[in-house]
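Trainee: Just so you know, the sequences run in chain order A and B. 271 is the number that my numbering gives to position 271 of the first sequence; each next residue is one higher, with no gaps. 421 is the number that my numbering gives to position 421 of the second sequence; each next residue is one higher, with no gaps.
If you're looking for bench data, these hints aren't it; they were derived computationally from the structure. Since we're looking at a predicted model, the values are computed, not measured. Heads up, the beta-carbon is just placed ideally off N, CA and C, and yes, glycines get one too. Mixed in with the good hints, there may be bad ones.
Sample of chain A residues facing chain B (criterion: CB under 7 angstroms; computed from the structure) [unchecked claim]:
#1 Pro327
#2 His328
#3 Arg346
#4 Glu347
Partial pick of chain A residues on the chain B-facing surface, computed with a CB cut under 8 angstroms [as the list claims (entries may be wrong)]:
#5 His278
#6 Asn292
#7 His323
#8 Asp326
#9 Ala331
#10 Val353
Listed next, the stretches of chain B that the computed footprint assigns to chain A, with coverage defined by at least 3 CB atoms under 8 angstroms from CB atoms of chain A [claimed, not checked]:
#11 130 to 138
#12 327 to 337
Number of protein chains: 2
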Amino acid sequence: MTWTSLMPSINIPHVRPCQGGVRSFRSLVGQWWAARGIMAGMNTAALSPEPGQVWAHVGQPFAPRPYDVVVLGAGRMGSAFAFYLRQLAPHLRLLLLEEGGLPNEDGATLLAPGLWTAWGVPEDRLAQARWTRDQLEMAFGDISFQTRPLIELFARDGEDRTSAAGSLAPHPDALAMVDVTALPFARVDAGAATYRPGALALAAAQTAVKAGADLMLNARAHAVPGSEAGGSVVIERLSVTNTHQIVVHETHRLRAGTLVLALGAGGPHAAEHDLGCHTTHARAYRQTPRLNVPSTDNTPTLRAAGLTLRPQNGGWTLIPAVHHRDPHGYAPTGGHLTGVPTGLRRETLEDLVALMGALPPLGTGALGLGRSISDVPGAWLALPGGRADGLPLHQTLSGGVHLLMGGPHADTLGLAVAYDLAAAVAGVEERPWAGGAPE
Amino acid sequence: MTWTSLMPSINIPHVRPCQGGVRSFRSLVGQWWAARGIMAGMNTAALSPEPGQVWAHVGQPFAPRPYDVVVLGAGRMGSAFAFYLRQLAPHLRLLLLEEGGLPNEDGATLLAPGLWTAWGVPEDRLAQARWTRDQLEMAFGDISFQTRPLIELFARDGEDRTSAAGSLAPHPDALAMVDVTALPFARVDAGAATYRPGALALAAAQTAVKAGADLMLNARAHAVPGSEAGGSVVIERLSVTNTHQIVVHETHRLRAGTLVLALGAGGPHAAEHDLGCHTTHARAYRQTPRLNVPSTDNTPTLRAAGLTLRPQNGGWTLIPAVHHRDPHGYAPTGGHLTGVPTGLRRETLEDLVALMGALPPLGTGALGLGRSISDVPGAWLALPGGRADGLPLHQTLSGGVHLLMGGPHADTLGLAVAYDLAAAVAGVEERPWAGGAPE
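Start from the sequences and build out the full structure, keeping to the hints where you can.
Mentor: Okay, here's the thing in structure tokens:
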């Protein structure tokens with residue numbers, strides 16, 4: 001975790017890269033929450049229902065109080081769970097804990113593609129995927145949601161495929177990315193959409209707080225198994241020294257009847273290390289390099305050989321295929337391209353090299369290769385069931401303790417799975433999509 | 001590379017672990033070659049045809065001479081290539097180089113299962129597989145070859161499957177390994193066989209030397225691309241200091257019209273680093289833990305869920321499934337089992353834990369888990385084409401420079417591929433199996 005992760009990082013570009021010490025950090029956080037109508041650590045805002053408390057930094061005193069539900073992790077899965085639980089069970093006292101900012105700068109949420117597509121969704125989960133899409137469009141305010149076609153390109157013909165040149169013709173900026181003689185066939189998901197998962201997590205957490213959830217940032221939490229249902233949580237409130245070191249300022253211990261581990265790729269490790277629950281989940285380190293070729297809000301998302309090219313901020317973000325888990329003990333490292341060090345891991349580099357003929361801009365200086373691993377954005381991605389195509393899931397680890405995971409398909413199915421767990425905790429039988437509960 | 005890898009390690013258990021300094025190392029090597037009728041560095045033995053020279057240590061002076069073919073790596077693939085090339089083209093002057101002993105203690109040959117089976121061999125390669133089996137049985141003297149059934153166990157019924165209890169009934173020691181209520185179905189490869197790949201490599205190299213090939217051990221070699229066909233090789237002759245450090249004693253440079261990179265899992269790196277040839281090959285670190293449950297020479301080999309259990313030396317050697325490549329930069333590390341450190345990598349540990357119910361001895365102290373990675377034998381396995389089921393292959397990197405790789409199916413197809421390359425280098429069209437050249 002870096003010092004920058006100690007502050008909320010969405011929509012406040014003027015604080016990145018961060019300057020100054022603890023003083024400016026605290027004041028920025030205060031301004032940020034104030035601007036959104038939630039005074040940090042104070043219940044002064046006149047909202048209805050009474051908003052929850054927020055502890056953004058250790059200067060705000062925290063006295064443990066009873067909670068019914070404690071959520072570890074305020075990425076999009078934990079935040080969405082909190083969002084839905086406030087709707088479904090407003091009587092349950094809820095605390096949301098997050099080690100970093102909202103969302104965590106080191107987490108997978110910020111780097112998720114934010115690409116909704118029905119492709120790859122099993123038939124029996126399509127109703128949930130469609131419900132998730134409706135929620136993304138309407139339930140969270142402005143999260144940059146927009147319908148944006150996804151065009152997948154192929155070297156060979158096949159079912160549902162048409163001409164790549166024809167499909168790309170209305171989109172000259174997308175057409176300029178592709179050698180259509182190498183990839184002459186295409187299929188189109190006209191119902192695909194894009195949005196910003198980081199903005200979703202922020203909106204979900206903020207709305208949950210407005211609806212009465214408490215939230216503590218910069219709080220590292222560990223579950224401790226209990227003899228009865230639920231368990232305890234040890235909370236370490238983190239602070240930052242003048243030399244930018246993260247230190248534990250104070251420690252608290254809470255009990256709750258329900259714990260939700262929404263720790264992304266860290267969830268399985270926490271389940272095993274803290275609770276002794278062995279799982280088959282795994283993780284992979286995914287980098288999302290930048291391709292500095294122009295795009296607009298109307299440029300479609302492209303996909304070829306597992307690589308997704310997502311128009312973003314006037315350029316493209318590349319989302320490489322995840323082929324399989326990374327082994328335990330793997331430390332991400334940059335690869336070499338014919339002797340030249342790069343910031344991209346070798347496996348991704350090989351995939352991009354293989355596509356340079358079909359997608360010529362990949363072979364130019366427009367690709368942000370970097371020189372070391374820290375030059376290219378990347379995050380650990382949870383792989384539910386240890387599978388590169390694992391679907392989001394929740395799972396009961398012990399009585400009252402639940403693991404909640406997003407993973408590669410969280411963009412398309414994450415909200416439904418978060419809702420499903422919230423409904424289960426709330427004791428609600430109905431689901432808003434056709435077909436009932438997932439799995 | 002460790003100091004112990006500086007000496008031949010097959011059939012001389014009394015020199016492991018090694019004691020003493022350079023003096024005893026040299027004398028042991030001398031005794032070893034003398035006992036086999038090849039005096040190191042001397043052409044005194046009265047063999048026909050005139051045997052090649054052997055340089056086992058830097059005390060034996062080497063003056064570069066012209067070679068037609070230089071092989072980098074005397075594992076089973078490089079040794080087998082040399083063996084066949086002496087048969088097919090005795091006029092070609094041949095040098096075999098090996099960084100360690102014969103075979104290298106750190107290489108994959110010594111830890112290969114030595115399990116021949118037709119399962120997993122594509123239809124069009126079966127003739128090669130059968131030819132390889134005949135060669136293993138007859139061409140290399142005593143390499144502990146024996147027909148030994150392979151019994152694969154399943155939880156569910158399927159094609160060609162019979163009763164596990166019935167298949168195991170004649171083998172009480174194998175039956176004792178299995179809970180046949182968990183794995184009630186089986187199929188049997190009655191034509192499977194086992195042998196010792198390390199003994200094969202040693203026999204192939206020794207026979208090649210007897211037939212005129214030169215051999216240098218403790219010689220680290222790098223290919224250097226040439227402007228004409230073939231290339232140059234830089235040879236670093238390695239020595240060991242009194243403090244057991246490996247040092248370069250002297251360096252030579254040779255030219256040859258044909259270079260063969262038979263460096264196992266290190267081949268693709270050498271191709272790219274030394275020659276600038278980018279390949280799609282990869283590697284994985286495979287550990288082969290010991291299971292100390294009794295077996296005999298008549299005990300069949302077992303397989304379940306990708307795990308192979310090979311009777312060996314009165315116990316069992318476990319050969320775990322390789323699911324996929326390891327990422328670049330991965331350093332093998334031991335995993336934890338509910339907090340207890342082990343020498344087995346986490347992924348293998350998970351596979352074994354999943355099988356403990358069906359194979360109860362895995363859940364006992366008979367399994368050699370170790371405490372750190374160095375406690376469990378393991379080696380980097382080449383994955384041709386980057387695939388966990390990649391077949392052995394050879395490939396031309398540039399004019400006269402060939403990459404030769406074994407990998408997961410080297411036990412069954414390696415000799416045919418080594419022969420095929422030797423025949424290609426010799427200019428021989430015919431192949432001794434039906435169906436012609438591989439691929």
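Trainee: Output the numbers, in ascending order, of every earlier hint that fails for this structure.
Mentor: Those not satisfied are hints 6 and 11.
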